[in-house]
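Sequences listed follow chains A and R, in order. At the far end of the first sequence sits residue 201, using numbering that gives the first Met the number 0, and the numbering has no gaps. At the far end of the second sequence sits residue 408, using numbering that gives the first Met the number 0, and the numbering has no gaps.
Source of the hints: derived by calculation from the structure; they are not laboratory data. Each hint should be verified, as a subset may be incorrect.
[Said to hold, decoys possible] No farther apart than 25 Å at their CA atoms in a straight line, the calculated lysine-lysine pairs in the PhoX-like style are these:
no., chain 1, residue 1, chain 2, residue 2
1, R, Lys242, R, Lys209
2, R, Lys77, A, Lys146
3, R, Lys388, A, Lys146
4, R, Lys77, R, Lys67
5, R, Lys209, R, Lys322
6, R, Lys378, R, Lys322
[Said to hold, decoys possible] Pairwise CB distance ranges (calculated):
no., chain 1, residue 1, chain 2, residue 2, range
7, R, Asn380, A, Ala80, 16 to 26 Å
8, A, Leu150, R, Gln358, 36 to 46 Å
9, A, Ser119, R, Asp213, 40 to 50 Å
10, R, Glu96, A, Leu150, 48 to 58 Å
11, A, Ser89, R, Asp401, 13 to 23 Å
12, R, Thr91, A, Leu150, 55 to 65 Å
13, R, Pro214, A, Ala86, 55 to 65 Å
Source: prediction; values computed, not measured. Even glycine gets a Cβ: it sits at the ideal position worked out from N, Cα and C.
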Amino acid sequence: MIQPTPFRFYTERRLVTLTGLQVCTLAELLAILHEVPGSSIFYHTHHLFLSHHFEKPVVYNEFALWLSEALQENALAEKIAMIDLRAFTSIRQLRNTLISFIQTHMDSANQRPRVCLPGSEFHFCRSKSFVFPTSIVAHDVADFFSKLPRLQTFRCSFIFSRLAFGSNAGRTTFPFGWSRVDKANSPRPSICSIPMPALLMS
Amino acid sequence: MVVSLQDYEPIVGAGELEELRILAGYVGARRLLNISSTSVGGGVAEILTRLLPLLRELGIDVSWEVIKGDQGFFAVTKAFHNALHGTEQEITEEMLEIYRANTEMNLREMNFTGDVVVIHDPQPAGLILRRSEMGRHWVWRCHIDISTPDLRVWDFLRPYVDSYDAAVFSMPNFSQPLSIPQFMVAPSIDPLSDKNRELEPIQITRVLEKYDLDPDRPILTQISRFDRLKDPVGVIAAYRLVKKRHDCQLVLAGGGAPDDPEGIEVLQEVHEAAATDPDIHVLLLPPYSDLDINALVRSSTIVFQKSIKEGFGLTVSEALWKKKPVIGGAVGGIRTQIINGITGFLVHSPEGAAQRALQLLANPELCARMGENGYQHVKQNFLLTRHVKDYLLLMLALDRPDEDIVHLA
Numbered sequence: 000m001i002q003p004t005p006f007r008f009y010t011e012r013r014l015v016t017l018t019g020l021q022v023c024t025l026a027e028l029l030a031i032l033h034e035v036p037g038s039s040i041f042y043h044t045h046h047l048f049l050s051h052h053f054e055k056p057v058v059y060n061e062f063a064l065w066l067s068e069a070l071q072e073n074a075l076a077e078k079i080a081m082i083d084l085r086a087f088t089s090i091r092q093l094r095n096t097l098i099s100f101i102q103t104h105m106d107s108a109n110q111r112p113r114v115c116l117p118g119s120e121f122h123f124c125r126s127k128s129f130v131f132p133t134s135i136v137a138h139d140v141a142d143f144f145s146k147l148p149r150l151q152t153f154r155c156s157f158i159f160s161r162l163a164f165g166s167n168a169g170r171t172t173f174p175f176g177w178s179r180v181d182k183a184n185s186p187r188p189s190i191c192s193i194p195m196p197a198l199l200m201s
Numbered sequence: 000m001v002v003s004l005q006d007y008e009p010i011v012g013a014g015e016l017e018e019l020r021i022l023a024g025y026v027g028a029r030r031l032l033n034i035s036s037t038s039v040g041g042g043v044a045e046i047l048t049r050l051l052p053l054l055r056e057l058g059i060d061v062s063w064e065v066i067k068g069d070q071g072f073f074a075v076t077k078a079f080h081n082a083l084h085g086t087e088q089e090i091t092e093e094m095l096e097i098y099r100a101n102t103e104m105n106l107r108e109m110n111f112t113g114d115v116v117v118i119h120d121p122q123p124a125g126l127i128l129r130r131s132e133m134g135r136h137w138v139w140r141c142h143i144d145i146s147t148p149d150l151r152v153w154d155f156l157r158p159y160v161d162s163y164d165a166a167v168f169s170m171p172n173f174s175q176p177l178s179i180p181q182f183m184v185a186p187s188i189d190p191l192s193d194k195n196r197e198l199e200p201i202q203i204t205r206v207l208e209k210y211d212l213d214p215d216r217p218i219l220t221q222i223s224r225f226d227r228l229k230d231p232v233g234v235i236a237a238y239r240l241v242k243k244r245h246d247c248q249l250v251l252a253g254g255g256a257p258d259d260p261e262g263i264e265v266l267q268e269v270h271e272a273a274a275t276d277p278d279i280h281v282l283l284l285p286p287y288s289d290l291d292i293n294a295l296v297r298s299s300t301i302v303f304q305k306s307i308k309e310g311f312g313l314t315v316s317e318a319l320w321k322k323k324p325v326i327g328g329a330v331g332g333i334r335t336q337i338i339n340g341i342t343g344f345l346v347h348s349p350e351g352a353a354q355r356a357l358q359l360l361a362n363p364e365l366c367a368r369m370g371e372n373g374y375q376h377v378k379q380n381f382l383l384t385r386h387v388k389d390y391l392l393l394m395l396a397l398d399r400p401d402e403d404i405v406h407l408a
């Protein structure tokens, strides 16, 4: 039997970069969403998933949090909070969805625009990610799953690579090739069957 | 006590330390030069004292220098400090000239170089004028909140700052529009320092006896420099409201810093506000009182950090690490440490502080739950090892400024 190539786990760590962009109304948020770098969209929709929490947040989308807490745009916030990140394989798609939700809401709203209080502005950040190999290597399927608990950022690798590198990224970042040599113990079905909320919120 | 990286493993885990070693490998033996305005007193000195030895252990060639300055210069920079926080200050052309002259003097006398030069806060910011001789990459690390600065001071400093390769702030809303990249790095506490490590009960008892504190009655504490922006007089007002319903004690403890000439004035104001109340203990602590501070916080029921303006507020994380609920001013970095209702309470007035203190004193279970939450929050976000990692990433980021995703392998 051909031995599978050992799989080395990589990890990602990030520095938060300040864009200097800040908004205090819905219209300003919409305008900036059109032009802000994709890494900023990624940061504000994903970084809470990629962080450890002693108490799980109710809402992971920071745009939704701000809309609710600073502008009391609660209906819109709930819609945005329920955007399913699994549906996207590019930041552009996610950006367009956010813009669409906000534009639709503004078009239908018949109230005076709200302005957040001073000190409650939304500050656009972005992340500068550093991807590097860990010393953790798996040699077969059993080894792979036995080493997963050692990782803090397994969920990061899956989601990050998918959004950063496109829908085929999973094939290069996960040992799906093992399915060709050891079908009976392939990790692919196991990984793909993990519900995304469990994956993201573990 | 000399600590090494390995000593942090029981707290942060082996994986975290391994990542630091891997990242340090990519950084290599770069020379990291830090320049600040003082080596004792205040949060900056405290962080650098703990951070740099760990970086050194990881193979980074670190050094730390302090600029020179007389009382006149530090009076000017204290005025700048207050003005950058948005406090009204008289800023004269003469003061600006004192800053320039002191910068020139330091430039003549300093003979240090580094691959990465990190300048801490406004006092040494002018050293950038010799950037090509002293270092390859320059970073301005701003530890204070300059979101609403006096524009005269900021417009004076900004040309210096814009000449750096990058700026670092503790929170997004602390920053100002700049032409250079800006990073966010939160400060941190060292869980193994004398200020934060576990103490034996007898050590705590001795400190209580030393300061004539009654262990059988609630102790409310604020640990801070005597600075108006920390609102110690407001804390006394809150205590007086609480005292009407609970027989408690108040401790206001802090040290001075060589670059803070206002401290004596504020201390006098605090003594006047405390009047003759024997249950208000105003403690001006000498340098290296970390064990006393540790014991005071551990013996407290509630910790205040009722600042009016604040950069980060390391004292908040220090108290949270000791599982104490913290009542803090809803300003600056306090808002990232106190998750309202979860790790403590954010307040806007002495009355608000008193109200929350009464709530906590009436509910020991809430105190315990908040204490545990605060400990976990600090463990995940504000420990020294996280800060070490950010420094390593920052040095790597300077090499590749245009990339959002950096592949280090």
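Subject >> Hints not upheld, ascending by number >> reply: Checked against the structure, the only hint that fails is number 2, while the rest are satisfied.
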